[in-house]
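Read off the chains here:
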Amino acid sequence: MAMKERLTKADEAKPWYGELPVESLYTAGIAGEKFFRSIQEKGVFLGSKCHKCNMVYVPPKIYCEQDFEKLEDYVEVADCGSLESFTCVHIGLDGKRLLEPMIVGLINLDGASTSIVHMLGETTVEELCMGMRVCAVFKPKNKREGAITDILYFKPTKQ
Amino acid sequence: MGNRVAIVGAGMTKFVRRAQETGKELCYEAAKMALDSCDMNLDQIDAVALGTAPDTFDGVHMKGEYLSDGAGAFGKPYMRSYVGGGTGVFSVAQGWYHIASGLMDTCLVICEEKMSSYRPHPQGAFLTIFDHTTERPLKPNLLWIFALEMNRYMSTYGLRKEDIALVAVKNKNNALDHPCAQIAKAVTVKDILNSEVLAWPVQRLDVSPVSDGAVALILTNETIARRVTNKPVWIEGVGWSLETSYWTNRDLCYPRYVEEAARMAYKMAGVTCPRQQIHVAEPYDPFDYKELHHMEGLMLCGKGEAPQMTVDGITQRDGELPVCPSGGLLGVGNPIAAAGLMKVAELFWQLRGEAGKRQIARKPKRGVAQAWGDLMQVGTVVVVGI
Chain A
7 MAMKERLTKA DEAKPWYGEL PVESLYTAGI AGEKFFRSIQ EKGVFLGSKC HKCNMVYVPP
67 KIYCEQDFEK LEDYVEVADC GSLESFTCVH IGLDGKRLLE PMIVGLINLD GASTSIVHML
127 GETTVEELCM GMRVCAVFKP KNKREGAITD ILYFKPTKQ
Chain B
144 MGNRVAIVGA GMTKFVRRAQ ETGKELCYEA AKMALDSCDM NLDQIDAVAL GTAPDTFDGV
204 HMKGEYLSDG AGAFGKPYMR SYVGGGTGVF SVAQGWYHIA SGLMDTCLVI CEEKMSSYRP
264 HPQGAFLTIF DHTTERPLKP NLLWIFALEM NRYMSTYGLR KEDIALVAVK NKNNALDHPC
324 AQIAKAVTVK DILNSEVLAW PVQRLDVSPV SDGAVALILT NETIARRVTN KPVWIEGVGW
384 SLETSYWTNR DLCYPRYVEE AARMAYKMAG VTCPRQQIHV AEPYDPFDYK ELHHMEGLML
444 CGKGEAPQMT VDGITQRDGE LPVCPSGGLL GVGNPIAAAG LMKVAELFWQ LRGEAGKRQI
504 ARKPKRGVAQ AWGDLMQVGT VVVVGI
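In order, the protein sequences belong to chains A and B.
One gets the numbering used here by counting positions in the first sequence from 1 and adding 6 to each.
One gets the numbering used here by counting positions in the second sequence from 1 and adding 143 to each.
Hints are computed from structural coordinates only; laboratory data are not their basis.
Possibly wrong hints are sitting among the right ones.
As the list claims (entries may be wrong) - When the alpha-carbon atoms are kept at most 27 Å apart in a straight line, the in silico DSS-like pairs for lysine-lysine are as follows:
1) B:Lys328 x B:Lys157
2) B:Lys328 x A:Lys76
3) B:Lys219 x A:Lys58
4) A:Lys40 x B:Lys157
5) A:Lys161 x A:Lys149
6) B:Lys374 x B:Lys282
7) A:Lys145 x A:Lys58
8) A:Lys40 x A:Lys20
9) A:Lys20 x A:Lys145
10) A:Lys20 x B:Lys219
11) B:Lys219 x A:Lys76
Claimed, not checked - With the Cβ distance kept under 7 Å, some of the chain B side facing chain A (calculated, not the full set):
12) Gln163
13) Glu164
14) Thr165
15) Glu168
16) Tyr171
17) Leu185
18) Gln187
19) Asp189
20) Gly202
21) Phe217
22) Ser260
23) Arg262
24) His275
25) Thr276
26) Thr277
Quick reminder that beta carbons are idealized off the backbone N, C-alpha and C, glycines included.
So that you can see chain B by itself, here it is in the shape it has in the complex:
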């Protein structure tokens, strides 16, 4: 479908709890690093696709406009996309259609978040996403949704917290090998079960941290990709889908929005049997149970089967299907939009054999990245391959 599009360069800042850099400066660091990684300069970039989550995090209204100069958008076609937590993976789709359509030859994709600005805690920024008459008077926060979902998921499939905690253990330990990781601390199932309860059954270490950071990718058409690198990573499929925006009307056990987005991306990529044809997966893991949820939505296993795959070690970095070898949001950190793009960057490095200590030994040839967000009803999926 359309012209072939390749990822040829990537860059990311360290993910930290509070950066001294402004959001613009974080963008610049990641963008410059991505350009340098493939020996390109800004003159060779036709368009800039920026992704960033709610303005309230950075405390800057019209954040896209604010970040534009640091993102390298001066004198170029530029647009910010925003689908909440799904933004990071969606921004790759945005960059992809600029080039697939033939309109542009090259595109800089960049995602940024500076969550530490919000006071007293970024969680408060979410109050206003709920319905202003039926829900906000109850003072809800996002944890309500996650706790209700997690509890339902656990009771439907008879899961124990220990089974789910294995995801957090795996990802946080994987992050020990990521030079940009915010949390570099080994944890055990016991640590997770002993961490403070936020909203039962969600505990502190079931959750990814609050972070500042930026990630950038360079996308080009096939002609330029062949000139710039001998290791292009092709964007084989993109997909996104929206379920009901009324979160109380959704299936709490199964992310249909992820399945629909995955079906769109898989069809484009010619993937008919994901479990066989996908060699590495980076599903969105802001909470440990969400990795399991999303593996099922990505059809990497049947419904309710992801926990057993984790218990069996299949999703370990040296397992049959490595899942979140980067360390994911749980380990590397969760600067919302940047975290989603980090997942695509991880696939880029893994497929090129440049993931350093995180490198999967089995030489993966195709991977899938996915993110999720808005009022938790949007799924965004990208399939890449070599």
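In isolation and in its complexed conformation, chain A is listed as follows:
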């Protein structure tokens, strides 16, 4: 019997339901643990500094990815920085249109060599521009869990 080019009726081939169950319990790691504890307990962003090339990684790493130095100098960086790029997202993970579009930005915190991605709030796309100043808005301390979601969003500021 020749191979069919396509199925014309759904019941011609028996379908088989299956799933790939993957559930994980991650660790934040040596540097990640310090980063999230600092956010939870102090509302402060930590980075790690490479004294060979002066890179400051936020979130911190225990190594410099460029020259492989061991990084042990953890430095506090600002909770404000400049908006490196932004977008307004209209489509969700399920492919459907979001009821409320969300604004996502890449933020370079003052004192950091790298950027982090997060939501932007208390603003509209029309208000945003490249290089604009934004600051982190944290959850109240008693609601924080030591997670990236302890930061609600970044908002434009005049600072």
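Knowing the structure of chain A, use the given hints to seat chain B on it.
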């Protein structure tokens, strides 16, 4: 064949049940240690060969890409290889052909596994390797394969569980001398026979533990090796081979895939009589009977003869042919890909006389390491010598 390739440095993290470090951080520790061991730095590395087993263990899709910065791959040719449990030994072959071909002068080989992330138990990660229509509805796990194999091996050669348990006793006791070992506890045959039954005849202490860890090696061409060290360990042969991926169609008593991989590696290394020319062996031992299986596939003895060699003490660290002097997966731990590479690292240390309390007194000059995996049909073999 090709340019000569040497191993000049090695590093490994402690193998543990659950590491606080991320997989990237484990990679960094092992890689840095390997570089430091031969006074080299990342600028002197031309390429990085990474090995790591299923993404599901770490719970990170595209794990090779995720681990790359910790593995020192920034700005370098980099590739992840993956042949399941065979990955650790295969990654050395991958590093070898980068240099043997003349394309690269140096290569960092690194293997990592963080199995503790998977919930509720890493065993569940294996469900999806089975056929999705004929097997998965039966909810199989890997123990099924091992129990069926072990039972067949025992009945074919008339073996008692006591004979096989001697392998676990030997390896777990050898691991007492390994500073990176996860399990440092002496056991007896009685302990093993009294441990809980997982799937008859496989019992808890017949099996290696679940582990997190990383191992790294530095490979170079001959010119650089001569400059970096006065004790290079040469990669004399590499081999890998695949049997039918349908596990039910295989000989349960004999790992032909190991024999084929070994023949490839031995031919390259000029080994014609393995029993005489191999002085130390690190066959893959996730289960005690698998060490025996693999010794036979590596042609270190005839079919069905490995148990008697063990009973006779030949495979002890002070025996004629030490097998798994490191403590193996059964003792040191089994972070899949990293465990395979640990075996090659052990040969490196043994041949250089740097194995500390584990050092084989007979001054071995040539060793073989082997791993096994995928749906248990791939064999990977490396022969090293001084």
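Evaluation of the provided hints:
1. Straight-line distance between C-alpha atoms of Lys328 of chain B and Lys157 of chain B comes to about 16 Å, which keeps the hinted pair within the 27 Å bound.
2. For the hint linking Lys328 of chain B to Lys76 of chain A, the alpha-carbon distance of about 33 Å lies beyond 27 Å, and the restraint is violated.
3. As the CA atoms of Lys219 of chain B and Lys58 of chain A are separated by approximately 20 Å, the hinted pair is consistent with the 27 Å bound.
4. Annotation: proposed proximity of Lys40 of chain A to Lys157 of chain B holds, straight-line Cα distance about 22 Å (limit 27 Å).
5. With a CA separation close to 20 Å, the supplied pair Lys161 of chain A and Lys149 of chain A stays within the 27 Å bound.
6. The hinted pair formed by Lys374 of chain B and Lys282 of chain B fails the criterion: a straight-line CA distance of about 50 Å is larger than 27 Å.
7. This hinted pair does not check out: Lys145 of chain A and Lys58 of chain A have alpha carbons roughly 36 Å apart, beyond 27 Å.
8. Taking the CA atoms of Lys40 of chain A and Lys20 of chain A, the gap is about 52 Å. The hint is violated against a cut of 27 Å.
9. Pair hint Lys20 of chain A plus Lys145 of chain A does not hold up; C-alpha atoms about 50 Å apart against a cutoff of 27 Å.
10. Between the alpha carbons of Lys20 of chain A and Lys219 of chain B the distance comes to roughly 47 Å, so the proposed pair goes past 27 Å and is violated.
11. Of the supplied pair hints, the one linking Lys219 of chain B and Lys76 of chain A holds, its CA atoms being roughly 19 Å apart against a limit of 27 Å.
12. Evaluation of the Gln163 of chain B hint against chain A yields a held restraint, the C-beta minimum of about 5 Å falling below 7 Å.
13. This hint holds: Glu164 of chain B has a C-beta 6 Å from the nearest C-beta of chain A, less than the 7 Å allowed.
14. The restraint placing Thr165 of chain B at the interface with chain A holds, with a minimum CB-CB distance near 4 Å, inside the 7 Å limit.
15. The interface hint given for Glu168 of chain B is met, as the beta carbon of that residue sits about 5 Å from the closest beta carbon of chain A, less than 7 Å.
16. Because the closest C-beta pair between Tyr171 of chain B and chain A is about 4 Å apart, less than 7 Å, the hint holds.
17. At a threshold of 7 Å, the smallest CB-CB gap from Leu185 of chain B to chain A is about 4 Å, leaving the interface hint in force.
18. Given hint, Gln187 of chain B at the interface with chain A, is violated; its Cβ is 11 Å from that chain's nearest Cβ, farther than 7 Å.
19. Restraint check, Asp189 of chain B versus chain A: the minimum CB separation of about 15 Å is more than 7 Å; hint violated.
20. With a least beta-carbon distance of about 3 Å to chain A, the hint placing Gly202 of chain B at the interface is held under the 7 Å criterion.
21. Taking 7 Å as the C-beta cut-off, the interface hint given for Phe217 of chain B holds, the closest approach to chain A being about 5 Å.
22. Contact between Ser260 of chain B and chain A, as hinted, is supported at the beta carbon level, the nearest pair being about 4 Å apart and thus within 7 Å.
23. Interface restraint check for Arg262 of chain B: the shortest CB-CB distance to chain A comes to about 4 Å, inside 7 Å, so the restraint holds.
24. With its C-beta approaching chain A no nearer than about 5 Å, His275 of chain B sits inside the 7 Å limit, and its interface hint holds.
25. A hinted interface residue such as Thr276 of chain B counts as satisfied when its beta carbon comes closer than 7 Å to some beta carbon of chain A; here the least separation is about 5 Å, so the hint holds.
26. For the restraint placing Thr277 of chain B at the interface with chain A, the shortest Cβ-Cβ distance is roughly 10 Å, beyond the 7 Å limit, so the hint is violated.
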